[in-house]
Structure formats: C-alpha cells, structure tokens
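Novice: So you can see what is in the structure, the chains are spelled out below.
Protein chains: 2
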Amino acid sequence: MNKFYEQLLPYLERSHAYQTALALLSWDMETLAPPAAAEYTAKSVGILSEEAYCILVCDEVRDLIKKLSSKKEQDTLNVSEQAVVRLLQKEYKKLSCIPQGEYREFSELCATAQTVYCRAKLTGKFEDFAPILEKLIDFTRRFASYRAQRGDNLYDLLLDEYEEGFTTKVLDDFFSKLRDALVPLLKKVSEKNDLINKSYNARYYPAEIQRGFCRYLSGYLGFDFNRGVIAESEHPFTTAFHNHDVRLTNHFYDNNLESGIFSAIHETGHALYEMGVDDALTGTPAGSSISMGMHESQSRFYENMIGRSREFWEPLFPKLKETFPQELHDVSLDAFISGINKAEPGPIRTEADELTYPLHIMIRYELEKEIFSGKCTVKELPELWNKKYNDYLGITPKNASEGILQDIHWALGSFGYFPSYAVGSAIAAQIYHYMEEKIPLADYLKEGNPVPVREFLRDNIHKYGAVYPTNELLKKITGEEFNPDYYIRYLTEKYTKLYQL
Amino acid sequence: MNKFYEQLLPYLERSHAYQTALALLSWDMETLAPPAAAEYTAKSVGILSEEAYCILVCDEVRDLIKKLSSKKEQDTLNVSEQAVVRLLQKEYKKLSCIPQGEYREFSELCATAQTVYCRAKLTGKFEDFAPILEKLIDFTRRFASYRAQRGDNLYDLLLDEYEEGFTTKVLDDFFSKLRDALVPLLKKVSEKNDLINKSYNARYYPAEIQRGFCRYLSGYLGFDFNRGVIAESEHPFTTAFHNHDVRLTNHFYDNNLESGIFSAIHETGHALYEMGVDDALTGTPAGSSISMGMHESQSRFYENMIGRSREFWEPLFPKLKETFPQELHDVSLDAFISGINKAEPGPIRTEADELTYPLHIMIRYELEKEIFSGKCTVKELPELWNKKYNDYLGITPKNASEGILQDIHWALGSFGYFPSYAVGSAIAAQIYHYMEEKIPLADYLKEGNPVPVREFLRDNIHKYGAVYPTNELLKKITGEEFNPDYYIRYLTEKYTKLYQL
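Same order as they appear, the protein sequences are chains A and B. 325 is the number of the first residue of the first sequence in the working numbering; add one for each residue after it. 325 is the number of the first residue of the second sequence in the working numbering; add one for each residue after it.
Each hint should be verified, as a subset may be incorrect.
Heads up, the list lumps identical chains together, so a pair's fine if it works in one copy or across two of them.
Straight-line alpha carbon distances no greater than 25 Å define the calculated SDA-like cross-link-like pairs of lysine to any residue that follow [to be verified]:
#, residue 1, residue 2
1, 367, 377
2, 367, 328
3, 367, 604
4, 391, 378
5, 645, 677
6, 367, 603
7, 367, 602
8, 699, 455
9, 395, 336
Treat the hints as calculated values from the structure; they're not laboratory data.
Model the full assembly from the supplied sequences, consistent with the hints where possible.
Specialist: Put into structure tokens, the structure is as follows:
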C-alpha cells in the first residue's frame, strides 16, 4: 500500500467513528429519543461535529491529500483509493474554508431545527419555523460563499453537494423538458380521472398488520436483517452507518394502504444500495452512495418500475389479499394495479404518483433558486409555494403542514437536495430501459424471484459505492451519460396506455 | 463563578458529549443494532473512548483540578462545584495512569465482548467466552495495579469504583452477617415450601399485553415519558445520558408474569433516580447517581419494599386482573401477594426472591475475590460457580447459560459491581425503615398515590446526584451511616410472618 495512503487511514477511521456516532444520534432523534432530550442532544451534536471537523481539517490531512493527489502517487493507487483521495479532497475543500466555530454552530442549529420544525409542522405554524429557517439559509449561503470562485452561482455550489455536475444550467433544461411533456399529459389524464377507482385504498388497514406485511416485503426484495433494522418515524427515511448497519423507517396510516407499502419498497431500494457496497470500501469516504441522485434512482426504481408493475404483484397480490381478506375482498389484481398507478394531483410529495411527482420537485427547485438568488424572502415562501402548487398542480394546500412545512429537508440544513429526487427518477428510467435489454426482468418478477434484479444493481452500481461519479457510472452501465429522454418516454407511454389516451 | 471552574466547563461539556454518544452506542447495541454491525461498532467505541480519554487526560485539566483543589479555591466553590471537582479528580487519577492505547484497546474489547458473550449464552458454551473473559480480567487487573499503592488489595480498588469505602473488609463483615442470618432462615422457609402455591405465574400471559401493563406501571410510579423511553433487550437495564434522557428496557416471557412486572418496577426505580437529579448538575460528573449501591437501593426499594407490598397492589390488582381476566380469574389478592413473595432457591439472580437474592450476590462476590487474588483461573470458574450454588442454595445449574453465563456484567468489563446489588438492598431497607417514620407510606400506596414516595426520594436522594458520598447521604437521611442490621431484621420479620415460622 502507498505509504501516504497508509498514513491517511487512521484519520479516515477516526472520522468514520464520529460519522457513525452522529448518524446514530440523528437516527435516534427521529425514531425514539424523548422530546425533552432534544436541546441537550443538539449541543452534543454540535460538539461532536466540531471534533469531527478538526480530524479532517488539519495540516497532516491537508499535506497527505496534497501528496496523494500528485501524478506520481496517483499512479500507485488503485481505483478505489483514487476515489477516496478525490472525495476526501472535495470534503476537505468544503470544510476547510468554514471557520471551526461556525461549523459547530451550524451543526447544533441543524439538530435544534429538526425539533423546532417538527413542532411547527404539528401546529401548522410556519412563523414558528421561519426564524430558524432564516438562520439556516444564512449559514448555507455564507458557507457556499466561502468556497465560491468569482462568478460562481451559489445555488450551483449547493447542488454540487448532492449531484456533482448537475448545475442550474443542466437542471433548467431538464425541468423545462419535463414541464413541456408532463403538464399537458397530466391535463389529459385529469380529464379521465374517473376511469380509475381506488376507494379501496382508504379502508381500514390496521398499522400492526401493515407493519408485518411491509417487513415481509423488505425481506422479499433482499433486505438483510443481519445487517439492517427497520423502525418507525414521522417521515420514512433510510440511513447507513456503513454497509453492515443500514436502517430504514416507515410510517403507517390506518386509512392508507399504499403509503406504508410504497414507503417500504422505496426505502428498501435505498437500503439495498448501502448494503451492496463492497466491503473493501467500508468506513471510507467511498463507502456509501456516489450521490443523492443515484441513491434516489435506486429507491424510485424499486418503488415505481418494480413496485408498481403488474409482474411484481402477480405472485404477491394473493398474499396481500390474505393479509387483508375483508378489506380487499372485492379488489382484483387489475383494479389494484390501476389503483396504485392512478395519477391525481395532491398536496404531498411523498404520497404523489409517478406523473405528478416531478412537478412537486420542480416547485421546490424553483423556490430554492429564488431563495439563493435573493429574489424571495423566507416570509414570502408560503405564498409563493401555494401559488406554484396552484399553477402546476391546480391545487391549494389547506395549511402550512401540507404545504411549505411538509418536508424536513430544509430543517436538516439540506438545500439543493430536492432536485436529486427528480434526477433520480430519470436515472431510474434510463437504467430500467437498459436492464430490460439485459435481463428478463418481467419474467423474474412474475416468478416471485427479485434476486437477479438486486444482483444486477449490486454488480453494476451498489458495489462501487462512491468510486465512480454518476455520469461515469451511467456510461459504464448504459453507454451514455444522463439522458432524461428515457424518463419522459417512460412516463408518456405508461400513462397513455393506462388512461387509454 | 470561580474563573478556574469556568475554564473547566468546556472540558466537561465536551466530555459529556462523548459520554452521550458512547452511552447511545451501547444502548443501541443492546436494544436494536443488527448483529453484523457489532464488530464495526466496537471499533468506533474504541476510537471515541480514546478521544474522550484525551479530553480529560491533558495538562490543562490536570492543572485546573490542581488549582481548584486548593483550600483557597475550594472556599469559593459551592457544594455542587466542590463535588464536581472531587469526582473529576477521582476520574482523572483513574484514567491518567492508564496508557492511552491500552484504554482504547480495553474499550473496544468490552464492546466486542458483549457480542461474544451474548452468542456464548445462547449456545451455553462457556469455552467460547472464556478467552475474552481472560483478557478482560487481565486488563482490569493491570489497570487496577497502575493506580495501586503499596499494600493495596486490587479487588478493593475495583470495589471502590462502584461503592466508595465498601472494601472487602466491610463487605466480608456484611456478607458474613447475611450468611449467618439468611442461610438458617432459608432452611426453615424451604421446609414450608408447599405453603404457597404460585402456579398461576406460569400461565400464558402474552408479551404484547404484559408490555402495555408494564408501561402503565412505570408511568404510575412517576416515569416521565417526556424525558425517557422504554424499550426491550435480552436483559432489562436502565441507562441515562442525562436527567432529560433516561431509558429503561424490559424483557417479556409469555409464561412468566412476575418477570416483566418486577423488572418494570425495578428499572423504574433506577429511572426515577436519574430523572430526579437537579438540572444544575446536568452534564457534569455529579449529574448521575453517587454509586451503584445507592442506585440499586432505589431500584430494589421500588421492586421489593413497594412493589411486593400488599398496600401497593390493593389499588392495582383489580387492574391486573382486568388485563388478564382468564389467567387470573381464580387468584385472590392475598394469593398473589403470597406468590410474589414466595422464597424458593433458583439458578437465576434476576428472577430470585428477596430472601435468596443476596446469596446469589455473595457467590459472585466470593468468586471475584478469588479471581483477583489469583486463587482461581477462568477455566475453573464454572465448576466453582456450580459448587457454590450447591452449597448456598442447594441447586445445580443445568448448563452454563443458567450458571456462570447468566449475567452480562463481566462481559462489560464490570468487576466489583455485583456486591452493590446486596449493598443496595440493605440501603433500601435502611431508608425504608426511616421513611415509614416520616411519611404514611402504606396509606399513600393504598390510596393509589405513589407520588409522595417519589417526592421523598427525590428530595432526599435523587436531586443530589453524585454530590454527597453514600455514607454522608445516608447520615443526612437516616442519622447513621450504612447499617445492614435493618436489612437483616426486615427479611427476618417478613419471612417469619409470611411462612408463619
């Protein structure tokens, strides 16, 4: 092993220990911790974040990165090691321009904001969340400006954290294509709204029984309970401390069957990515997914391309009917498949169907652009939010809880994250197109055998962790870089057929 | 505020952040974490323990402690601050003589040992646990020898960590008194074993329903769900990150009603101690209990003096019968009270009645003395264990799982801990005697009002955290230092009456 790389390892190990502790603190806050603990935990998070910062932002690490970036040393590193150095350098650049005290303050603020946000969402009072949101935006803007070069668009720098290379230029083009194709398509679909009746979905499905079925679904898709756990939280999410400890949550509503099922499938898609990373990368900066876009591509692939397909449900629907014999006694497989694919504008992103989903993302993207270009103040956000929901989806949220307060991301200090949901959906369609050429996907699903699907994804994506950038990985798999046309074609064909347009 | 004390605060805060993270990692390992994560978590625990060590073991902290220990500075500190300095000094002395690398190695070993132990307990193979147990003992012996003065008994140094001042001299005397009184008493009781029939206890009580009732019990006794959570683990235990985040676990067996109920009451006793600590002490070395003996006094007071009393169950037994109407239909309150107090030698400490319980502790105490005096090797432990169980309790464990492997303490690196269970029981009896003189305890319980009990304990014990040493605290409350006579009298009177001796 390269001697400088060897010298780097103890820093990576220490850094990973802190990341594990911080991820566990965050997981615990969202799943279990008692309410009164929040402010104390936030303080601990601030302190530990600062200590973690100090491990990477030091002269020794800086010098090692510098040495390891030279042509001479690069030639002695394998591709994984090269990726580790590249990712570490990026992280170092991002962190080292932030003053230590500010980093701690921001970390503590994010932990506090989670709690403030959750309370505001419960009461629906945006004004209770607005002051801390302003602070979060200020910090984010300041941190981005620290690393900005002349002429950089601040929002581009934020986007770069979640999906390298996907600048506003790329995304403007992407969303404009989506808008042009989907808004008229949705209009046609809406006119035939009565074609699909999914009233069965709002019958009474006790959470306790949903829980068991969803656990079964995760295992069916390949979730490894030896290396992961399933819990519950207000918002479903997945987190991974490393590839041997991957955790997902769900949230069950007694009167909504789909919500729990598709959250389970979606989060399992995320979890399989993390579980599939090669052991050689465990605990290094390359030991997790390459980007949020690629991560979402996996969850949305499972949720939509797999989970909403007739083939997937052919072997499973009888089991679902056994689980809820009364509630589903008059629902046929065909009616169920139509139901879970019905397109209907609603206020909540996470409950959205495939067709309206990207429009929810577009709204957040446009708002974030306006926030960071200074065109929109925090105070103006709720009104602007509602206006855009009216413009794109024809609906007006009843209150802030189902409007501007519905998502936790901003409270976590994550700005520039949302677009990766739409990018992920588009990547999923691109991979799906290619996968169908390579393996008899539909046949496997009909046989009740999702193993080859997971293996395909593991061998082509998961195992590489963050070694290859998104576009490089896409090129390896599909022969081309990101291309949203597959997504537009997929949605158009799917909904044209479903609604007999 | 004293300026040196003020300079100390950031170190205390940082140290507390690490303690929180480490306690959470440990809690998570015992309640939720997936099996395959264990070895990775152990590594993180080792690293973070070392970092926590470095925060306290440094020249700055050493100098501040030295300054703050001077007469001049002590005079400017309040009693809580003086306690913080004293406790910190003790911790510093203990840690600073251990080389940093060894401390990390030991911390990682303890985390690993938990997993190895749990697997060995499942299979009943002591030989699988023996090698790591040897290592744990070696480390413990070495660490104690680092701080030993000429003539110190190593085991005394270990005991001192859990209960200051309770040396082998004190404990030999204590256990000898117990043995002299209890062994003949137990013999007489055993002869009348048929007097009490508790076959009802082994009927079918679904865990799901026990869970609800036990949660109710904890709340009834004063557990504050805003500052605490309840979960499940193989062994019931309580942990506290601070007084606003206190966590207890239980373990339910479908065919054992008592086990869950008395674990719930016992652990709630621990939890109330931690929740009752004054906010001024939160996050400082004085922010938790003074000792394990005092901690156990609270849990055993609730479990036995309160939880096994007729007065306690008078208002609650109807609710228990409502919860299990079929299973308890033929059980009267009197039969239940006799049942939960029945004395019967068994192999498992945590399931033991009040009378045989201290004998379980005595066995462990004697074994630990032999281990650290070098009279007994790890290999010889199972045989010696079984011999002592036969001598004192007249029973032979069926296998290692219900013998030498039944308790997790040694796997956590805790040697010298066990005696505090018996010390705690004796303290509980001493406090009970005094409390009955001060408040109409029985009346409150009969009325279904346990609040004054909790308030009494909070005002006299809990709120002080670790400010006063055990004997000082006992003197404040009861007018005398530790006195085991109350305990012996309590048990003798109770069992003489119950068995009509």
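Novice: Taking the hints in turn, state whether each one holds.
Specialist: Verification of the supplied hints:
1. For the homomeric pair residue 367 and residue 377, the shortest alpha-carbon distances inside one copy (15 Å) and between copies (20 Å) are both at most 25 Å.
2. Taking the shortest Cα distances, residue 367 and residue 328 sit within 25 Å of each other only across copies (22 Å), while inside one copy they are farther apart (35 Å).
3. Taking identical chains as interchangeable, the C-alpha atoms of residue 367 and residue 604 lie at most 25 Å apart only when they sit on different chains, with a minimum of 16 Å there against 34 Å within one chain.
4. In this homomeric assembly, residue 391 and residue 378 come within 25 Å of each other (Cα to Cα) only inside a single copy, at 20 Å, whereas the closest approach across copies is 29 Å.
5. Proximity of residue 645 and residue 677 under a CA criterion of 25 Å is satisfied intra-copy only: 22 Å inside one chain copy versus 49 Å between copies.
6. Taking the closest pair of Cα atoms, residue 367 and residue 603 come within 25 Å of each other only across two copies (15 Å); inside a single copy the shortest separation is 33 Å, beyond that limit.
7. Taking the shortest alpha-carbon separations for residue 367 and residue 602, only the inter-copy value of 19 Å comes in at or below 25 Å, while the best intra-copy value is 34 Å.
8. For a Cα distance limit of 25 Å, the shortest separation of residue 699 from residue 455 inside one copy, 18 Å, qualifies, whereas the shortest one across copies, 67 Å, does not.
9. For the homomeric pair residue 395 and residue 336, the shortest alpha-carbon distance inside one copy (22 Å) is at most 25 Å, but the shortest distance between copies (46 Å) is not.
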